[in-house]
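A.B. asks: Starting from the two chains in their separate frames, assemble the complex, guided by the hints.
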Amino acid sequence: AQSVTQPDARVTVSEGASLQLRCKYSYSATPYLFWYVQYPRQGLQMLLKYYSGDPVVQGVNGFEAEFSKSDSSFHLRKASVHWSDSAVYFCAVSATNYAQGLTFGLGTRVSVFP
Amino acid sequence: EAAVTQSPRNKVAVTGGKVTLSCNQTNNHNNMYWYRQDTGHGLRLIHYSYGAGSTEKGDIPDGYKASRPSQENFSLILELATPSQTSVYFCASGDLGGSETLYFGSGTRLTVL
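Protein chains in written order, with the numbering used here: chain U, 5 to 118; chain S, 100 to 212.
The shape of chain S in the complex, shown without the other chains (with noise of 0.2 Å):
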């Protein structure tokens, strides 16, 4: 079974304060995910990444950078938070992108206050 873990599970950040969320996949995916789910959005894509080293961005990534520093594992990051940034944030992992299976930690809840 396809395995994303993303860390921390919660996170209370101040404005302005940089932030880091974290996100391991252990199935050797090329692919890989960041989303934020709002609601009255659903989710949207922030960025994603084909490979290591790789990092492109999606549909809305302004304020938030991407690292992809190996296979596994894929950061997003946030240098100076602010609270329209609160949000629950998914990382997830697939091998073939929309054509497959995404498979989906189980989400950051971050506030910004």
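This is chain U alone, in the form it adopts within the complex (with noise of 0.2 Å):
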């Protein structure tokens, strides 16, 4: 079965300091990678996603990641955070059965500080 690994339960930064949260997969093909955020009492919103091609995928509010095939990873960086960066965020990668959705991990809690 699919899994997915998030080392780093809270991260604290601050203000334009750059971010790289961890993301370490499990799965027996080649999988559709996630990354979502949560704000506080809010949905989870997609950040990007990664299937095939150029490593380095490119999502929303400055963030990029990348995947490693070699490593199973698919980290997640942004390189200057703001306040408003702070939130949960989750590293997904499709079920097996992808009628099954999404197999989250535990998320990263990132606390942005000025």
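Bear in mind the hints are in silico, worked out from the structure with no lab data behind them. Note that the structure is predicted; figures quoted are calculated from it, not measured. Just so you know, not all the hints are guaranteed correct.
Claimed, not checked - Simulated restraints on C-beta separations:
1) S:Gly152 / U:Lys73: 19 to 27 Å
2) U:Glu70 / S:Asn129: 27 to 35 Å
3) U:Ser32 / S:Gly152: 13 to 21 Å
4) S:Thr125 / U:Trp87: 31 to 39 Å
5) U:Ser84 / S:Thr138: 25 to 33 Å
6) S:Arg143 / U:Gln46: 14 to 22 Å
7) S:Ile176 / U:Glu68: 35 to 43 Å
8) U:Ser32 / S:Val111: 23 to 31 Å
For glycine and all other residues, C-beta sits at the position ideal for the given N, C-alpha and C.
C.D. replies: Next up, the structure:
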């Protein structure tokens, strides 16, 4: 079965600093990979997704992620964070049966301080 | 923009009572999902549906039923609510399941006393 590991439960960064959130996945074939963000008291919103092609994929609000097949990773990055980036970030992988949607990691809570 | 609306936003129920959580999507998506979100567990799939009239068990279906009477509506039913079902529940919809974007509602916070 597929699985996602986000090793960092919490990350604290200063405004203007760079951010990297780690994600490792386990999947039997080539997966669809996603990053979602959850702002306080809201549902999840997709930041970006990857399936094939250029291993660096651009998303919304200046986020990008890099896929590594050899490392089974899909790390999220942002060059310069803003206080409004404070949220919980989820890495997700498609279920083997696509109709079952996504399998999510536990999430990383990001706090941006001024 | 895809829209998924959940109701109620908050619900307090008593142990043993029946609870129905409702979800409506206006995007004509085939697939709909119910997840629950708990600290330490992330989001876990309870039930999903391929389309009107279909419901399928997800990873943690025990204690829950689902109903998909139409393309737009997908309900989650707790026939005999228990305190362990206290959680935040999210509904989502998508056209191609795990290969495309899922659109989430804002969640229902359920407390079972």
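A.B. asks: None of the hints should be skipped; say for each whether it holds.
C.D. replies: Now for the hints, and whether the structure bears them out:
no. : hint                           : verdict
1   : S:Gly152 / U:Lys73: 19 to 27 Å : violated (39 Å)
2   : U:Glu70 / S:Asn129: 27 to 35 Å : holds (32 Å)
3   : U:Ser32 / S:Gly152: 13 to 21 Å : violated (31 Å)
4   : S:Thr125 / U:Trp87: 31 to 39 Å : holds (33 Å)
5   : U:Ser84 / S:Thr138: 25 to 33 Å : holds (30 Å)
6   : S:Arg143 / U:Gln46: 14 to 22 Å : holds (19 Å)
7   : S:Ile176 / U:Glu68: 35 to 43 Å : holds (41 Å)
8   : U:Ser32 / S:Val111: 23 to 31 Å : violated (42 Å)
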